[in-house]
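S.K.: Protein chains in written order, with my numbering: chain E, 1 to 338; chain B, 1 to 561; chain C, 1 to 345.
Think of the hints as simulated: they come from the structure by calculation, not from any bench. Treat the hints with care, since some could be wrong.
To be verified - Okay, derived cross-link-like pairs now, SDA-like style, lysine to any residue, Cα gap no bigger than 25 angstroms in a straight line: (1) 119(E) to 95(E); (2) 189(C) to 61(B); (3) 77(C) to 414(B).
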Amino acid sequence: MTEPSPLLSFRNVTRRYRQQNRPALDGVDLDVVEGELLALIGESGSGKTTLLRLAAGLEEPDSGKIFIEGECVAGDGCRGRMVPPEKRRLGLVFQDGALFPHLNASKNVAYGLKKQDRKARNERIAHCLATVGLSGKEKRFPHELSGGERQRLALARAVAPEPRLLLLDEPFSHLDPALRRKLREDIRDILKRLGQTALMVTHDPEDALAIATRVAILDDGKVMQTGTPSDVYRNPVDQYCAERFGPANRVIDEESGGVVWRRPEDARWIACEVADEGTMVTVEDIRPMGHIYEVRVAPDAYDGEKWLCFLKEAAHLSPGERGRIAWRGSPEPVSWKT
Amino acid sequence: MALTGTAEILTTAAGEAPEPGLGAVRRWRPTDRWGVGVALLAGVILLPLVAVLLHLGRESVEWEHLARTVLWGYLKNTLILVVAVTAVVLVMAVPPAWLVTNYNFPGRSIFSWALVLPLSIPTYVAAFVFYQGPEAAIPFFVWVRQNIGVDAFIAAELIVRYGLLIVMMAGVLFPYVYLACRAAFSQQSRTVIEAARCLGSSPWRVFFGVALPMARPAIVAGTALVVMEVVNDYGAVHFFGVPTLTEGIFRTWFNMGDQVSALRLAGIVMLAIAVLLVVEQLLRGRARYVEPEASGVPLVRTRLSARRGLLAFAACLVPLTIGFLFPVARLAVWAWLNLTSDAGVSFQAGAALGRGLLLAVATAGSVTLAAALFMYAVRLRQSATRQVLGRAAGLGYATPGAVIAVGVLVVFGTFDRFDLPRLPIVSGTLFAIGFAYMVRFFAIPLQFARAGMDRLGKPIEEASRILGRAPMATFLRIDLPLLRGPLIAAGMLLFVDILKELPLTLILRPANFETLATIAFSLASEARLQACAVPSLLIVIAGGIGLIVMNRWIAVPGAHD
Amino acid sequence: MKLRTPAAFRACAVLGLLFTTFFRIDAAEKELTLYTQRHYAFDEELHEMFEEDTGIEINVVKANADELIARLQEEGKNTPADLFMTADGGTLSRAQDADLLQPVSSREILRRVPESLRDPDGHWVAVTKRVRVVAYAKDRVEPEELSTYEALADPKWRGRVLARSSSNIYNQSLMTTLIAANGVEEAEKWAAGVRRNMARPPQGSDRDQVRAVAAGLADVALVNTYYIGLLETSEDRKDRDAAAAVKVFFPNQEGRGAHVNVSGIGIVKASDQPELAAKFIEFLLTDKVQSMIPQATFEYPVVESAKWSDMQESWGKFKADDVPLSKLGELNAEAVRIFNRAGWE
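Given these sequences and hints, build the entire structure.
M.R.: See the structure below:
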């Protein structure tokens, strides 16, 4: 079976801004394949928004090529002729929605629709608004909608023309945490129902892990790691990738001798005398956090490094106690597309 | 927001780096139609200025002579006027702007818009009204000469004349600074002001320590316009016998026939303005004055006590009286005398009003649209060339009207000489005048469009593109409707400026074409003040209406707020 | 590769062309276009009279003479102008030097205008005469104190003289006659002397000088005679009082005579209807029109047979400086330089 040709590919794409020494994107290779929701995660300044804008055609790469469905849309391959954003048939949901303030909800949705007969058009608008749960608010203007509604309207507007690929630029960043969680789930469901391929940029690891089928980590204009959410979470390739998703402990793999990164919650406490697996450690500090205990241990032979472990049962431990820490393995990746 | 930045046009033209965010060197794309459009339009607008500069071919015969004799006098007068008028303008404009934005006092809501009105009075009209001053003071001068001596008399005459000229110019020009300041003050973040109050500052300290420094870019931008108007003024200074550089340009060009020296003088004018602005930029250093996001806290005006309210009332009434009420009252009396006396002339004022209005409206409308489209095209791609062209297209504003007129003549003359079949000759048509107005005033709508598009922000534009609309469709369906407010305001200001414009119109107009300004000028040069008052008053009325409309659209910035 | 401009740019271009055609004033059969510096309401009456008499319509462009010359030069052979009229002889001879005028062929015209008041080849002819004189305060100056232009530089007039700006062509042409008569050096000394004697820096119009003398600011002023006439018939009472307070003195009557300038007209070289244009000039030189001029604008007629106004009669006959008017054009730039050096603003 041959691999399906990717919907969007970046090939060795570099983009630099004049005021900055380092390029915003530095030789990036990346593919987005049909049906996935790829989350692009990185700190601010890592180049993730630049990548999105290059995909959309809002900026041009300095070198490298960008393909959409196998067609070169920007870069060296198209002899300087970039396919402009309006010809790319992509959708984009902006950070702040970027709704047209002078158009009401249904006109905002209608804006991107091709010329077609009125009935089909109205049906499409109604359908899109219903999908995002805005039925009955067709005549509202953007400023008459709540923050979450605005963002859902932006989504409806972006998916209405049935784009090949939907781009989401930090779509939840302007929302408060509760709303954020709710909208995240909503969007995940909507995209799943539509079978919409999407590329989402975010700096929030929760966003990425909660709804993406695949995650790419960007640092300093380079793609550091791609993989399923659980894969990148459990098996980060370096400290930067590891720390995107919270605390991680540097562990030297006994079989290969290489460095791996382990999550605190994957730690298992093994009483010294019971087994021979794991690493000998000394407990330094224990803090009860309610449902778990935060335990700091100093592993032998790690030259002063500390590990952070989340243990369910640690009431019996006390500083200075000796024991072993072993690590659970990572489960297989899952995809929603079955 | 409105006027902030015409100054920038010059700053950049004087060699400052264009906006940041530019990519690496861009390839020239032969098929980039918008780029071609920008280049073409900017080229067409700059053509008259370039044409004038190309006339620099000859040896400058008189330069040494000028430098030895009159140059210093021109410079001195220009400098005195610029400094003094600016100082008086600041006193007239800044306090009222602060008061009407932040306090409640009797007449506040009327002053808020009425203080814009002096802009409708052309300086040459104000000049012949105010010239009555030195004339009325003659008995006093005579008394001084008889009782104190000739030298005291000469000094008194000088002081009275310069003083009146300065006050008069400040009176009709201060609204530029007032408008810019009012916009700046009302957009200033409430929270910053409140923070200052909470830190224990008195209202005075808030004003001088926080609000005023934060409004500095606006003040500078407004002042730059005032300076350009003062430096480019021709009628008023001539009338008051205070020859400035502009008078020197005319004298050297037309009376001595030395274009080269005249253009050098024009160059000095433009350079001086540019240097001033660059120096101001440098003085600002790294300090930032703009609070990027104004908070949504609504503005609450403080009610002033009766005594302070009276002071505030006076602070607004005095400039309004000098710049508007007094000249208009004077004109009204003269016009009434003229229309009721048997010598009352019925001139083509009606027809002139109609034609002049038609020309002003048509030109203001099309130039504003062209400027909006041009600005849109400039912003479409981040390229250094486009940014520079975008700034350069506003250069006409710093150029004396007569210099532009001659440039337009040169361009169209050359054009006509090709004798293209079936092409109407364009010299001496209204098209030539309309075009010259565009060259002269392009900076105004350009600046409003720039500010409006800045406020609108890039994402809206990008959203439209992503949704499959080409740039032109985006411009028509998104930018144009959303920028309605600033564009109408720009159009109105343009309309008023065209209505008042004199030197361009005089030189370029077709046969039998009179505007209110040319009629007023004609009658004024016959010194028929009463008759002259009628067309002058019509200019003021039409312009005043335009300004009130403009003010409404500035007061409600952008339909989307 | 096809190069296309966006629709809106094209639309603008089309609109522009429409605009042009819409406003273009089409030339009918019998029409003359006059570029003139003169701003008198009376001139318009004359144009209407001419149209009634001949059916020829006069289209007018009014602007400063030098600006009109610039315009004629730039418009070249496509200029719509047939006639060029100024309020000063020097400007006309400068237009002639710039090759903008053609000689009139009409003998009638050449016959009616004295040779000193026209170009020898008839490139231009004078239509009115304007005399620059000294206006003095009746109650403070005796006519015996006055003699020549030159005498105004005498220190005894310190703080008592008024004159308008040297940007003004009347002062410039007076200066050219002083250069012609006394040489550059003397002329400069004179300008400096008069400037020192001025009661205030030069400002305002000739009319304002008369008003100021009447108000007592100074005792004498350099003005053209017709301004006094205009003041005397003004709508404004104050103006009439001012005119009554001064008298006219013709200087240099013992010597070369008072300085006379003209308002004149010439046929534009590029005009394709010089015969029609000549008709208008003939009209201006008829006894009828020439006799109307002194009544309306208080200028002097150029035709001997024309009648003066009562006011002019009351001032009496005077001796005129007969320096050729073409000198005025030649020496104009020099005159401005002298004013600059002498500090006469």
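S.K.: A separate judgement is required for each hint: does it hold in the structure or not?
M.R.: Here's how the hints hold up against the structure:
no.	hint	verdict
1	119(E) to 95(E)	32 angstroms, violated
2	189(C) to 61(B)	23 angstroms, holds
3	77(C) to 414(B)	11 angstroms, holds
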